[in-house]
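Number of protein chains: 2
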Amino acid sequence: MSNNIRAFIIDIGASKIEYLFLHNEKCIKMNINTPTKMDFEEDMEQLSNSFNFGKKTTFVVIAFPGIIKNGVIVKWPNKPYWEGNNIIERFIQMFDTKSILIVEDCNAGAMASKYIFPDCSNSLFINVGTGIGSGIILNQNLYSGENGFAGEFGHIVVDYFSDDICSCGRTGCLQLVASGKGMASLYKKSTNDQTDNTKWMNHSIGKKILYKGAIYLGKSIANTVNLLDINNVHISGSVLKNDIYRKQALDTVMQEEKKFLSRKLSVVITSEMNSSLLGACIIAINKFSISATTKKNVLANFPRDGEMS
Amino acid sequence: MSNNIRAFIIDIGASKIEYLFLHNEKCIKMNINTPTKMDFEEDMEQLSNSFNFGKKTTFVVIAFPGIIKNGVIVKWPNKPYWEGNNIIERFIQMFDTKSILIVEDCNAGAMASKYIFPDCSNSLFINVGTGIGSGIILNQNLYSGENGFAGEFGHIVVDYFSDDICSCGRTGCLQLVASGKGMASLYKKSTNDQTDNTKWMNHSIGKKILYKGAIYLGKSIANTVNLLDINNVHISGSVLKNDIYRKQALDTVMQEEKKFLSRKLSVVITSEMNSSLLGACIIAINKFSISATTKKNVLANFPRDGEMS
Numbered sequence: 001m002s003n004n005i006r007a008f009i010i011d012i013g014a015s016k017i018e019y020l021f022l023h024n025e026k027c028i029k030m031n032i033n034t035p036t037k038m039d040f041e042e043d044m045e046q047l048s049n050s051f052n053f054g055k056k057t058t059f060v061v062i063a064f065p066g067i068i069k070n071g072v073i074v075k076w077p078n079k080p081y082w083e084g085n086n087i088i089e090r091f092i093q094m095f096d097t098k099s100i101l102i103v104e105d106c107n108a109g110a111m112a113s114k115y116i117f118p119d120c121s122n123s124l125f126i127n128v129g130t131g132i133g134s135g136i137i138l139n140q141n142l143y144s145g146e147n148g149f150a151g152e153f154g155h156i157v158v159d160y161f162s163d164d165i166c167s168c169g170r171t172g173c174l175q176l177v178a179s180g181k182g183m184a185s186l187y188k189k190s191t192n193d194q195t196d197n198t199k200w201m202n203h204s205i206g207k208k209i210l211y212k213g214a215i216y217l218g219k220s221i222a223n224t225v226n227l228l229d230i231n232n233v234h235i236s237g238s239v240l241k242n243d244i245y246r247k248q249a250l251d252t253v254m255q256e257e258k259k260f261l262s263r264k265l266s267v268v269i270t271s272e273m274n275s276s277l278l279g280a281c282i283i284a285i286n287k288f289s290i291s292a293t294t295k296k297n298v299l300a301n302f303p304r305d306g307e308m309s
Numbered sequence: 001m002s003n004n005i006r007a008f009i010i011d012i013g014a015s016k017i018e019y020l021f022l023h024n025e026k027c028i029k030m031n032i033n034t035p036t037k038m039d040f041e042e043d044m045e046q047l048s049n050s051f052n053f054g055k056k057t058t059f060v061v062i063a064f065p066g067i068i069k070n071g072v073i074v075k076w077p078n079k080p081y082w083e084g085n086n087i088i089e090r091f092i093q094m095f096d097t098k099s100i101l102i103v104e105d106c107n108a109g110a111m112a113s114k115y116i117f118p119d120c121s122n123s124l125f126i127n128v129g130t131g132i133g134s135g136i137i138l139n140q141n142l143y144s145g146e147n148g149f150a151g152e153f154g155h156i157v158v159d160y161f162s163d164d165i166c167s168c169g170r171t172g173c174l175q176l177v178a179s180g181k182g183m184a185s186l187y188k189k190s191t192n193d194q195t196d197n198t199k200w201m202n203h204s205i206g207k208k209i210l211y212k213g214a215i216y217l218g219k220s221i222a223n224t225v226n227l228l229d230i231n232n233v234h235i236s237g238s239v240l241k242n243d244i245y246r247k248q249a250l251d252t253v254m255q256e257e258k259k260f261l262s263r264k265l266s267v268v269i270t271s272e273m274n275s276s277l278l279g280a281c282i283i284a285i286n287k288f289s290i291s292a293t294t295k296k297n298v299l300a301n302f303p304r305d306g307e308m309s
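Just so you know, the protein sequences line up as chains A and B, in that order.
Note that the first sequence ends on residue 309 in full-length UniProt numbering; no numbers are left out.
Note that the second sequence ends on residue 309 in full-length UniProt numbering; no numbers are left out.
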């Protein structure tokens, strides 16, 4: 594939879609809102209009937050009305190419971690945004599990006797108490303030919810470190930009580790970067022949620094 | 190594030591109480007397429930006064042989699972006795983690805001609420009945503790199935012989699975068998040249049936 490409590298989130448009050695970063028309067909139509750049696409790599099997969305707790639909077929029509690769967004994030931290043989990548997901690198390889479903971190049960039902069907999931959406719901429930923005984070009740959520996240991470005996954790996602949450999550992991096995644990926060999109780029670079200039342009879109503990 | 061997295959538990003594094509199964003199030297002396069969040993394989690094016990929450001692050096003296192999007991249990269920590429082995441990098989191999500490299942935190301190140093560990010792302590605490036997299991308060403990265990297993996406779980250990506990643990895992991803999950209870001892045998057979007759005698000591769900 020469420099004459016309490709998309896309990260689909519950509320926002970030993507890179690759064209004639250039790489432009853009984003649109994820359609929320509560109807799969209408959502697809809106997406199709957003990506209608007029010509056949060379290839598309998509980081997707739901569970997909044979092209069909098996589970996407954030948009259950998308479930049961063949998303690959739709993207083939939408982009007029069969070169479509879909990867679970946190598996893509884990691939980004592997690229940024090549010395980590075993690592856990976690993203905390609207939902919570993870990707696991074991023995230098992405571990995807028996059925390709590994790493559903948001649906780890943390409150064992809770009655609060999660969108996945379980009760007491981490996502209910520690994700952006989960914590905003808890705030709404305890204050009756129904405003949909992030101002709740500055409210005293909001701060308590963030603090507790971060402890839940931190202990869940410590549990996974304990189970898998890994020395490296990389945490990404918009919620980590909040000072209370970030500090408490980091402190909790390190305190738990110190109490028991005191490994040489490194926890790095990479909240300034879209790891899933970077991972999708790494996958695109490995899979498709992209020119050196385009590669450079693609990778230039990502900062590499993180906050360490 | 001909048929003229004189070897030990040993499973050291917190309260009981089960072992096979291999001699002249014969294999005898025996057990002794684990010494509890609260002093490492005295415990070693008692052990040494128990194993004093008069002659040099050919080889020893030991399944041990604590964490060992370079021969030194790093952690054994059930017997902290053994920590910091080089156990391999002691066994070399005790058995008068350098052919000593020590393996973490639940890793041995996982090796037994691999032997009994050779078709499982990925599986989780859990033992619930005095404590709770696990061993993980991923891609047909034992997964032991970055530092050899993988699978500390008993020290997964399940009660995130509990103040109850575990012997490992953390608070709210699974072992405190779902292990034999943990549940017996909870019973003693709520009834002031300080009797040390298993009669508490028949008491109405004891039954509630067992029921709740089994839910904690079941949800912890479901969390691990969710994180690692494995289809096979094998549960061993004396506590599983209790009807309430066994049934509720099985039901909980299956209910949790049904709510979310509905994998083809198989959970097998192998409580009638000492999986760690069997695993140590498999390891001994793989490592040392044992005659066909002895092999047959060794393996004849283990039933292979389990209760499935």
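Be careful, since some hints might not be right.
Simulated pairs of lysine-lysine, BS3-like, Cα-Cα distance not exceeding 30 angstroms [claimed, not checked]:
(1) Lys69/B to Lys258/A
(2) Lys188/B to Lys199/B
(3) Lys79/A to Lys208/B
(4) Lys208/B to Lys212/A
(5) Lys258/A to Lys199/B
Hints were generated in silico from the structure; no laboratory data involved.
Are the Cα positions of Lys188/B and Lys199/B separated by 30 angstroms at most?
12 angstroms, holds
Holds or violated: Lys69/B to Lys258/A, with C-alpha atoms at most 30 angstroms apart:
17 angstroms, holds
Given pair status - Lys208/B, Lys79/A, alpha carbons within 30 angstroms
Violated. Lys79/A to Lys208/B sits at ~39 angstroms, over the 30 angstroms cutoff.
Going straight from one Cα to the other, do Lys208/B and Lys212/A come out at no more than 30 angstroms?
The hint holds at about 29 angstroms.
Given the hint that Lys258/A pairs with Lys199/B, does the C-alpha gap stay at or below 30 angstroms?
37 angstroms, violated
Checked against the numbered hints given earlier, the structure breaks hints 3 and 5 and satisfies all the rest.
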